[in-house]
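Enquirer: Just so it is clear: in the sequence shown, position 16 is 24 by this note's numbering, and no numbers are missing.
None of these hints come from the bench; they were simulated from the model. There's no promise every hint is true.
To be verified - With a straight-line Cα cutoff of 30 angstroms, these simulated DSS-like cross-link-like pairs (lysine-lysine) come out:
no. : residue 1 : residue 2
1   : Lys246    : Lys207
2   : Lys149    : Lys161
3   : Lys47     : Lys132
4   : Lys246    : Lys150
5   : Lys149    : Lys165
6   : Lys165    : Lys132
7   : Lys15     : Lys207
8   : Lys246    : Lys161
9   : Lys165    : Lys191
10  : Lys191    : Lys149
11  : Lys15     : Lys143
12  : Lys143    : Lys88
13  : Lys88     : Lys328
14  : Lys207    : Lys47
15  : Lys15     : Lys47
16  : Lys246    : Lys143
17  : Lys246    : Lys132
18  : Lys334    : Lys246
Remember, it's a predicted structure, so these values are computed and weren't measured experimentally.
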Amino acid sequence: MSFNVAKAVQSRVVLLSGSEPVLLRAAIDDMLEHAGLQKDDYDLEEFQADSSQPGDWLASVGTFPFLASKRTVIVRNAQKLKADDIPSAPLQALPETALLILVHSNEGDDQRQAGGSRKASLEKLVTSAGGTVAKFDADPKKTSDMLRQEILKRGRKIQPGTLDLLVEMTGGSYSYAMEELDKVFLYSEEETISEHSIKSVVVASREWNVWRMIDALTSGNVQESLRQLQIVVGSKNKVEDVVFSQLFPLISRQLKLLYQGRVCVESGCRPESAPSEVRAQFPSKPNLGSERPFVQGSVMRAAQNLSLGQVVEAMEHLSKADAALKGLGTSFSPMDTIERLVFDLSNTLRAKRA
9 MSFNVAKAVQ SRVVLLSGSE PVLLRAAIDD MLEHAGLQKD DYDLEEFQAD
59 SSQPGDWLAS VGTFPFLASK RTVIVRNAQK LKADDIPSAP LQALPETALL
109 ILVHSNEGDD QRQAGGSRKA SLEKLVTSAG GTVAKFDADP KKTSDMLRQE
159 ILKRGRKIQP GTLDLLVEMT GGSYSYAMEE LDKVFLYSEE ETISEHSIKS
209 VVVASREWNV WRMIDALTSG NVQESLRQLQ IVVGSKNKVE DVVFSQLFPL
259 ISRQLKLLYQ GRVCVESGCR PESAPSEVRA QFPSKPNLGS ERPFVQGSVM
309 RAAQNLSLGQ VVEAMEHLSK ADAALKGLGT SFSPMDTIER LVFDLSNTLR
359 AKRA
């Protein structure tokens, strides 16, 4: 997440990307400050990539600045662009007084794969024009350190375990955690932030809720599993939308990670240091060996009490529920089918079998 502001401002074109909006905003603010610009400055203009033409913002950034040393143009929603949309010749011919900032905000999981090649093409285009590419993605290790510093800066303290819980519940995202932490500060005046405050205030990511659901299933707590299910599904009028786009993919992901975790348990190794013959059994995605530390820890703890047969059977239950919702099996209603899946998973996962 390190970012050389001075180098970026000296570039004619900069591509900022990542899943951390707080860090993206901070990078833009730092660049504007370094360039001596205010947000309402005459030499600063903003465009939305999905409602403007590249020719418009290239023409704008190419004009000579009035008072500042740089004519600066910020183009947001650059994830909507393809490299072919931007003519390379005018980009490479921008004057030294130009500063074009393309802001690429990472999209949702269902769009990320499709957008990956476009992002790579944009990075190549910017690099070939002598520009700067900077990425601001979630990094749980650095997130913990930055959150701890922010908490201390505000005159509060937090225990390592409580901080880990906050990072887990927010998926390792600094931006997400900061939004939730602001609510914690308003909710509680305690000098040392407690686990109770985190659990009471923080709105957890859906991934965390699904993991809590599966964790409750492995301990036989069906009531808690159903509660987490309701949180994930929410009040959607069409349950199938959230089930197919989020719930089932997340359950499938967690079961695949559990399978890999159990392979590690039976091989007597940790996922991050597994020998090649064990890693060969891991899929490329999700790959437990490359997961965040807190994910690895959660998976390995749950895998201690499961067998490979249980995980395979759980995957079969998920497949049957998926087929039922698609009209290929018995299903009275979408919610009925999902709740039946929870009971089936509970019966399969709660008692360790050989």
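Enquirer: Now look at each hint and say whether the structure bears it out.
Expert: Here is how each hint holds up against the structure:
no.: 1; hint: Lys246 to Lys207; in the structure: 28 angstroms, holds
no.: 2; hint: Lys149 to Lys161; in the structure: 19 angstroms, holds
no.: 3; hint: Lys47 to Lys132; in the structure: 29 angstroms, holds
no.: 4; hint: Lys246 to Lys150; in the structure: 38 angstroms, violated
no.: 5; hint: Lys149 to Lys165; in the structure: 18 angstroms, holds
no.: 6; hint: Lys165 to Lys132; in the structure: 43 angstroms, violated
no.: 7; hint: Lys15 to Lys207; in the structure: 42 angstroms, violated
no.: 8; hint: Lys246 to Lys161; in the structure: 44 angstroms, violated
no.: 9; hint: Lys165 to Lys191; in the structure: 15 angstroms, holds
no.: 10; hint: Lys191 to Lys149; in the structure: 22 angstroms, holds
no.: 11; hint: Lys15 to Lys143; in the structure: 15 angstroms, holds
no.: 12; hint: Lys143 to Lys88; in the structure: 17 angstroms, holds
no.: 13; hint: Lys88 to Lys328; in the structure: 37 angstroms, violated
no.: 14; hint: Lys207 to Lys47; in the structure: 37 angstroms, violated
no.: 15; hint: Lys15 to Lys47; in the structure: 21 angstroms, holds
no.: 16; hint: Lys246 to Lys143; in the structure: 36 angstroms, violated
no.: 17; hint: Lys246 to Lys132; in the structure: 41 angstroms, violated
no.: 18; hint: Lys334 to Lys246; in the structure: 14 angstroms, holds
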